[in-house]
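Position chain B against the provided structure of chain A, taking the given hints into account.
If you read the protein sequences in the order shown, they are chains A and B.
If you read the first sequence in this note's numbering, its first letter stands for residue 24, the second for the next number, and so on.
If you read the second sequence in this note's numbering, its first letter stands for residue 5, the second for the next number, and so on.
A portion of the hints provided could be inaccurate.
[Claimed, not checked] Cβ-Cβ distance ranges computed for the label pairs, FRET-style:
no.	chain 1	residue 1	chain 2	residue 2	range
1	A	N74	B	T84	33 to 41 Å
2	A	D57	B	R153	23 to 31 Å
3	A	K101	B	E47	39 to 47 Å
4	A	N90	B	E61	41 to 49 Å
5	A	G51	B	T152	18 to 26 Å
6	A	K101	B	R41	32 to 40 Å
7	B	T84	A	G99	17 to 25 Å
8	B	E45	A	T47	16 to 24 Å
9	B	A66	A	M24	21 to 29 Å
FYI, nobody ran anything at the bench for these hints, they're computed from the structure.
Yeah, the Cβ is synthetic: ideal placement off N, Cα and C, and Gly gets one too.
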Amino acid sequence: MSSIRIQAKTEGDTVTVRAMITHTMETGRRKLPDGSLIPAHYIREVRAMTNGRVVFDADWGPGISRNPLLIFRYRGGKAGDALTLSWTDSEGGSDHIETRVG
Amino acid sequence: MDTHRRLILKATLAAIATALAGAGMIVPRAAHASWPREAFEAETLSGAMERLFGVAEAPEGAVTLDARDVADNAALFPVTVETTLPGVTSIAILAAGNARPLVAHFRIHEDVDPYIHARIKLAQTTDVIAIVEAGGRLYSTRKRVTVTRGGCEG
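Next up, chain A with everything else stripped away, as it sits in the complex:
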């Protein structure tokens, strides 16, 4: 089951991409009732590519909210293009998804 839900839609010459990633984005500064810290666990790198070009390229810290939503727009895409979104996190986790631009 993918951690990523994504939608890429053409609007004129622009493709608008909306993605929601299921991820705890734990800062490492929250405490359990017994006073111990919940370990940090957050997405660090997010990348989206289409037609051999990078259209989203982000470095994140734990200040991004849990279950991050991201929206970005690029030009020069068209319906039917493949678009891949991937992420890696602070614990060596990762996921990716491929979608078609609509």
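What follows is chain B alone, placed relative to chain A:
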């Protein structure tokens, strides 16, 4: 190397990397630094700026930061950053009052709109700062956001 030339050099390298990536010749991430740990671990706004951009602050102007004045939910505060400046190479979001002020840094590649929407955590009432890197220069805007109920450790 002075800061202005350093920014131009970084922008040029980024442009070259983007062009090569577009030709399918390299994996873009290999052409520039990995996740900037020192910048994300900086505990002051000026420290984060220095580690990310090489300068402690950027002049105000030319950047639109769309965010509410009051954060109802400090763990989930939406912000939108955009600009009409040409030649944008990156956008950064910082929260001055967070334990680690740098929240995110987005590289803007060719034919990508200089537009970012994100949801961020705010530790307390603070200035949210958006930085745009364009044409080898930095531009910034800031907005004071009030956190009403508790804060979110960022």
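Do the hints match the structure? See the list:
Range check, N74 of chain A to T84 of chain B: Cβ separation about 26 Å, and the 33 to 41 Å hint is violated. Restraint check, D57 of chain A to R153 of chain B: a C-beta distance of roughly 24 Å satisfies the suggested window 23 to 31 Å. The supplied range of 39 to 47 Å is met by K101 of chain A and E47 of chain B, whose beta-carbon atoms lie about 45 Å from each other. The hint said 41 to 49 Å for the Cβ distance between N90 of chain A and E61 of chain B, and at roughly 32 Å that hint is violated.
About 25 Å separates the C-beta atoms of G51 of chain A and T152 of chain B, a value consistent with the hinted range of 18 to 26 Å. For K101 of chain A and R41 of chain B, the hinted distance range of 32 to 40 Å is satisfied, since their beta carbons lie about 38 Å from each other. Remark: the range hint 17 to 25 Å for T84 of chain B to G99 of chain A is upheld by a beta-carbon distance near 22 Å. Distance hint for E45 of chain B and T47 of chain A: a CB-CB separation of about 20 Å, consistent with the stated range 16 to 24 Å.
Look at A66 of chain B against M24 of chain A: about 43 Å separates their beta carbons, and that is not inside 21 to 29 Å.
Going down the numbered hints, you'll see the structure goes against 1, 4 and 9, while the others check out.
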